[in-house]
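Taken in order, these protein sequences are the chains called Z and W.
Residues in the first sequence are numbered from 1 upward in steps of one, following our numbering.
Residues in the second sequence are numbered from 1 upward in steps of one, following our numbering.
Worth flagging that the hints you see were computed from the coordinates, not collected in a lab.
In this text the structure is predicted, and so the values were computed from the model without any measurement.
Do not take every clue at face value.
[Said to hold, decoys possible] List time: in silico DSS-like cross-link candidates among lysine-lysine, alpha-carbon distance up to 30 Å:
# : chain 1 : residue 1 : chain 2 : residue 2
1 : Z       : Lys155    : Z       : Lys97
2 : Z       : Lys141    : W       : Lys419
3 : W       : Lys419    : Z       : Lys97
Here is how the chains run, residue by residue.
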Amino acid sequence: MRIGLFIPCYIDAFFPEVGVATLELLERLGHEVVYPRDQTCCGQPMANSGFNIECTNTEALFVHNFSGFDYVVAPSGSCVHHVRDNFDAIRQTPEVKQVRARTYELVEFLHDVLKVAAFPWARFPHRIGLHNSCGTLRRLKHATPSELHEPFYSKPMDLLSKVGGIEFVSPARPDECCGFGGTFAVFNEVVSTKMGYDKVTDHTRAGAEYIVSADSSCLMHQQGCAERIGLPIKFIHIAQILAGASA
Amino acid sequence: MSGNDGMLHPDLLGRDGEEAILRGGRRLDHAEAASKPLRSHPEQQPRGAKVHGRRPIDQAEAASRFIAAPEHEKMHDERLWDLRLKRDREMQALPEWEELRSLASAIKEHTLTRLDEYLDQFEANARSNGVYLHWARDAAEHNHIVHGILRDHGAKSLIKSKSMLTEECGFRYYMASVGIEVIETDLGERIQQLDNEDPSHVVVPAVHKLRTDVAEVFAATIGTDPDNSDVHYLAEAQREATRPLILAADAGMTGCNFAVAETGSVVVCTNEGNADLSANVPKLHIASIGIEKVVPRLEHLAVFVRLLSRSALGSPITQYTSHFRGPRKGGEMHIVLVDNGRSERLGLADFWTSLKCIRCGACMNTCPVYRRSGGLSYGATYSGPIGLIIDPTFNARTYSNLPFASTLNGSCTNVCPVKINIHEQIYAWRRELVRQHEVPFVKKVVMKAAGELLSRPAAYRAAISTTDAVLAHLPRFLIYNGLNAWGKHREVPHPPRQTFHSWYHANRGEKP
Chain Z
1 MRIGLFIPCY
11 IDAFFPEVGV
21 ATLELLERLG
31 HEVVYPRDQT
41 CCGQPMANSG
51 FNIECTNTEA
61 LFVHNFSGFD
71 YVVAPSGSCV
81 HHVRDNFDAI
91 RQTPEVKQVR
101 ARTYELVEFL
111 HDVLKVAAFP
121 WARFPHRIGL
131 HNSCGTLRRL
141 KHATPSELHE
151 PFYSKPMDLL
161 SKVGGIEFVS
171 PARPDECCGF
181 GGTFAVFNEV
191 VSTKMGYDKV
201 TDHTRAGAEY
211 IVSADSSCLM
221 HQQGCAERIG
231 LPIKFIHIAQ
241 ILAGASA
Chain W
1 MSGNDGMLHP
11 DLLGRDGEEA
21 ILRGGRRLDH
31 AEAASKPLRS
41 HPEQQPRGAK
51 VHGRRPIDQA
61 EAASRFIAAP
71 EHEKMHDERL
81 WDLRLKRDRE
91 MQALPEWEEL
101 RSLASAIKEH
111 TLTRLDEYLD
121 QFEANARSNG
131 VYLHWARDAA
141 EHNHIVHGIL
151 RDHGAKSLIK
161 SKSMLTEECG
171 FRYYMASVGI
181 EVIETDLGER
191 IQQLDNEDPS
201 HVVVPAVHKL
211 RTDVAEVFAA
221 TIGTDPDNSD
231 VHYLAEAQRE
241 ATRPLILAAD
251 AGMTGCNFAV
261 AETGSVVVCT
271 NEGNADLSAN
281 VPKLHIASIG
291 IEKVVPRLEH
301 LAVFVRLLSR
311 SALGSPITQY
321 TSHFRGPRKG
331 GEMHIVLVDN
341 GRSERLGLAD
351 FWTSLKCIRC
361 GACMNTCPVY
371 RRSGGLSYGA
381 TYSGPIGLII
391 DPTFNARTYS
401 NLPFASTLNG
411 SCTNVCPVKI
421 NIHEQIYAWR
431 RELVRQHEVP
441 FVKKVVMKAA
451 GELLSRPAAY
461 RAAISTTDAV
471 LAHLPRFLIY
481 NGLNAWGKHR
491 EVPHPPRQTF
501 HSWYHANRGE
511 KP
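Bound conformation, chain Z alone:
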């Protein structure tokens, strides 16, 4: 299986360790992983602001970079949601449709496609609060959202349960948005940060040492909020835990 590694722009710039963990994890699972050097971004920042035409060339570049892989995998729910569900500035040729359909977020790729049974190299003896980003929860359907009357499931929890030592804590509002929201974080920064304070406080009260998520953007925002109000809680991407990070 030949996998195209899609490292979203903010992970490239701010969280290279998440990209490294994703790459090493997929390789450890025995797959050929290629990182196309000319990748930049999926266009989400413009598209979410309503500027869809401005995404046309960025989308064309994305398809050019990722065409021909069996799968495209990214450690970011919101970017994958964008590619799969909203990536429509360019003409929808069979090639474009194929790239979009083959693009997976890491958790669902491990859970649904590879069906990984164990992560024997991973151990994370900590109390963690799981933060399902809104993109992974309500669009990619990683887990049952609290608003729906549906049987409970959680793909990230399934994966993390295979890692030794983890203890899950239960925040009072488990799937309330943390307030990042892309450009919302700057255009509505007061509401955004208030939501962030409330989110990290909720996890802290529940006893979490770490907030774990499949989205670094939420974690970046939450970390900024926690540091500002002086909460000692720590943050780690799920890829790092599954790849065997110790802390």
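Once you have looked at the hints, place chain W on chain Z.
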């Protein structure tokens, strides 16, 4: 202070290190202490969005003032979240919940795609029940029609139950301008009327107010004790003040939750019974109804009535579900069917399903942005998620910022009892507003530049080639106005030693 601080009510603690009023009441014994109000000044209620003509409403500015009033924000967030939790409990108790939502959505979509037929049927049946039926193209026509009916009856005062449609029509202001007294009979709506403020929520219109705010409003308007914010005292005082007005009113008005086509009846759901007072006490009853409120058959109420109050307040049903089919003996009943932009909305491919809305407010209760902003920050009749997708249909410029007051988290869509894809419509509105050039010019320039940079790998790499440059450039094009807004209330991310791209090159790549 002693170690007893934690035991004392905050009001009993001295300010700025002053000696507290002790539980023994020692300091109350002398005149100075007796003249000192026991309660320190309550937090002032933050007011809603500032309106400057046709300039776009700045929701973020108003929301920041709401958050700057922490007692209000905390109470508001917790009170509405509590409604959400109660809704969840009701949902969990009904195994058929998701099926009900699908049914409700299907009934509404069916009706909206045959709206003309069902409205004709409703009209015919209402008329045969002895009701006078009027059609109003817009808000102005609605107000004129109602004014005309009242004038014909020589009515000088009107009691009414809660109606978002009349808010949409600016009805209260219009009636004031023609010298007719309007008395709101819903408690929350009455509070808002007395405070000369619009409702901040479609179901709980004064939810943004603390009881101390209400005490202040009532003290100024109906003469209650300004220092007494006991809810029972305030509610009773309001009842005593309003009951005589209700009994003496010349006419009554209600809104409508469901207009049943096959019976021509108007169904109104309330918890205070105030719609029944409004419809039954005076001899003249006028019901104002948005044309999207029609449902084909009485049996369809079995679906909607089960969903409405569970979604809104987390209660199985409203205290009163009143069916008004015709005028009472010796009385007169009028129905005004109002379009006010609805048929135009019905023609919008991306947005027509917003007409399915049954105004339960569940999307507001669950919305983390709404809960922390207050409904008045939206500066529009409809606030919260449903407001973001309805308000721009009234005026795309004035409400052009609203679709951006969302993280697109999608919780609103999941709680919606009629399955409106609210967050997808918010996203679609952003595109539509850019198409109509209703976004700031500078944003447009930045987004265009971002689009160009992100489609040219070499230029992109050059722009972020060093980590310093990452901090300097990346956020600028990603989040447009840079780290000022990011860093105001949160820390900026710690720049790593190298990007993933450079790491890959150093560790895996032969190719540059």
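Cross-check of the supplied hints:
1. Z:Lys155 with Z:Lys97: holds (25 Å)
2. Z:Lys141 with W:Lys419: Judged against 30 Å, a Cα distance of about 17 Å means the pair holds.
3. W:Lys419 with Z:Lys97: holds (27 Å)
When each numbered hint is compared with the structure, no violation occurs for any of them.
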